[in-house]
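Mapping of the sequence shown onto the numbering used here: residues 545 to 933, in sequence order.
All clues stand as given, with none of them false.
Calculated cross-link-like contacts (lysine to any residue; reagent style SDA-like; alpha-carbon spacing at most 20 Å):
| # | residue 1 | residue 2 |
| --- | --- | --- |
| 1 | K695 | S862 |
| 2 | K695 | E723 |
| 3 | K577 | K649 |
| 4 | K728 | E664 |
| 5 | K803 | S881 |
| 6 | K651 | I679 |
| 7 | K635 | L565 |
| 8 | K695 | M727 |
Just the calculated beta-carbon pair ranges, DEER-fashion:
| # | residue 1 | residue 2 | range |
| --- | --- | --- | --- |
| 9 | G702 | N579 | 50 to 58 Å |
| 10 | N895 | S787 | 24 to 32 Å |
| 11 | N930 | A712 | 38 to 46 Å |
| 12 | L825 | Q805 | 24 to 32 Å |
| 13 | K618 | E815 | 28 to 36 Å |
| 14 | F629 | S753 | 32 to 40 Å |
| 15 | Q666 | T547 | 17 to 25 Å |
| 16 | G628 | K803 | 39 to 47 Å |
| 17 | L790 | N895 | 29 to 37 Å |
Calculated directly from the structure, the hints in this document are not laboratory data. Please read these numbers as outputs of a predicted model, since none were measured by experiment. We treat Cβ as the ideally placed atom computed from N, Cα and C, and that holds for glycine.
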Amino acid sequence: MSTIKRYFVALASFTQRILLLVTYYLCRVFVTKKNTLDWVLGVEDIASMIYLLGKALPNAKTVCFNNNRFYQYKYDYELPIKTGFLARVIKAVYGPILLGYLANKSKNFWYIWTTGFLIERQVEMAFLKSIDKKIVCHFGGDDIRSPRLMKAFCAEKGLDTFIDYFGAGHPFYLSDSYEAEKMKAAEIADTYADVVFSAEFEQISHLKSKQYYNPFLYDPAKFNFNPEKFTDLSRIKIVHAPSNPLVKGTPLVRAAIKKLQMEGYQFDYVELINVSNAQVLEHLRSAHIVMNQFYQLIPSVFGIEAMANHCAVLQSASMHLEPNQPQGDEYSWLETSYWQVYDNLKFLLDNPAEIERYANGGYEYVANNLAFDIVAKRVKRVLNENGFE
545 MSTIKRYFVA
555 LASFTQRILL
565 LVTYYLCRVF
575 VTKKNTLDWV
585 LGVEDIASMI
595 YLLGKALPNA
605 KTVCFNNNRF
615 YQYKYDYELP
625 IKTGFLARVI
635 KAVYGPILLG
645 YLANKSKNFW
655 YIWTTGFLIE
665 RQVEMAFLKS
675 IDKKIVCHFG
685 GDDIRSPRLM
695 KAFCAEKGLD
705 TFIDYFGAGH
715 PFYLSDSYEA
725 EKMKAAEIAD
735 TYADVVFSAE
745 FEQISHLKSK
755 QYYNPFLYDP
765 AKFNFNPEKF
775 TDLSRIKIVH
785 APSNPLVKGT
795 PLVRAAIKKL
805 QMEGYQFDYV
815 ELINVSNAQV
825 LEHLRSAHIV
835 MNQFYQLIPS
845 VFGIEAMANH
855 CAVLQSASMH
865 LEPNQPQGDE
875 YSWLETSYWQ
885 VYDNLKFLLD
895 NPAEIERYAN
905 GGYEYVANNL
915 AFDIVAKRVK
925 RVLNENGFE
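Working from the sequences, and respecting the hints, build out all of it.
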């Protein structure tokens, strides 16, 4: 960072602190009803987690400064302009003012990702702790994952990781400065968070705090149990919807699809990239098989969506390598490492009765572990164990 840029960041940070303190103490005097909220959830909505947790947790308000372009949700507090320089300016002013107001209204703050109301996350968390607020840090992936630790973990297990390929094309991802960012994020969470949610192995990090598995959840209104689509498997529909083709293993999927087509297999293959979540869900409703991701240890959101829409899911998610995730049985999904993509897809095409069996198992897994009420109970138990009211 250049000297001039550092100067402007320091000036902006100082200004935000003043705005925060002035707003907090003004609201303390003039806002009569204190601590009327149980939760403030924010501020970057990764795969709709803010929105979904806002519906699952009681008496919560949602704040979103970085909308996910694939979802069209509304939040209690958001920016009038979503992108561009003006949006950043508005956030720089609105963020500390909103935090000062909400610090009077809420008992607890739940942070998703590593962004916050202010430029400096450490500053706002120190302020919240100084006024006896409780903090949850909820990490979703690259916000906390250490690429170096992940490479070492996978090397020990004899596995490739997406970092082997992504890092080769993005040297910064494996640089000292990037690793220092992950170490700093872990240090801040260890210092200020009362509870940390993360995936201990999939998102292996420098965290020293106890990590509770991420509260992935799925809206019951979007569950779609559809056995009718398996009555006619003469033309099987296969869907793959990678958010990042290199990271998710799309070259492996394309190679398997091509080889099967050359061998004479007949099926419909739909690949969805840069499309809205509504379009993805529309395809999942009629899909039989979903190819998720093949270098990760957990299903993540797309895998959960596919299982909730009654699809047989192929993915590398491992209940053995990430044992903290909710446990299912062998039919929750067809565990598929990167070297098994062709073989496992061929197995389902050769044994079509197994497609519905895996679809049933996946649906039951999500229904039994990730519905709102179930996740809310699990989260409440964790919070109670850590002194939350």
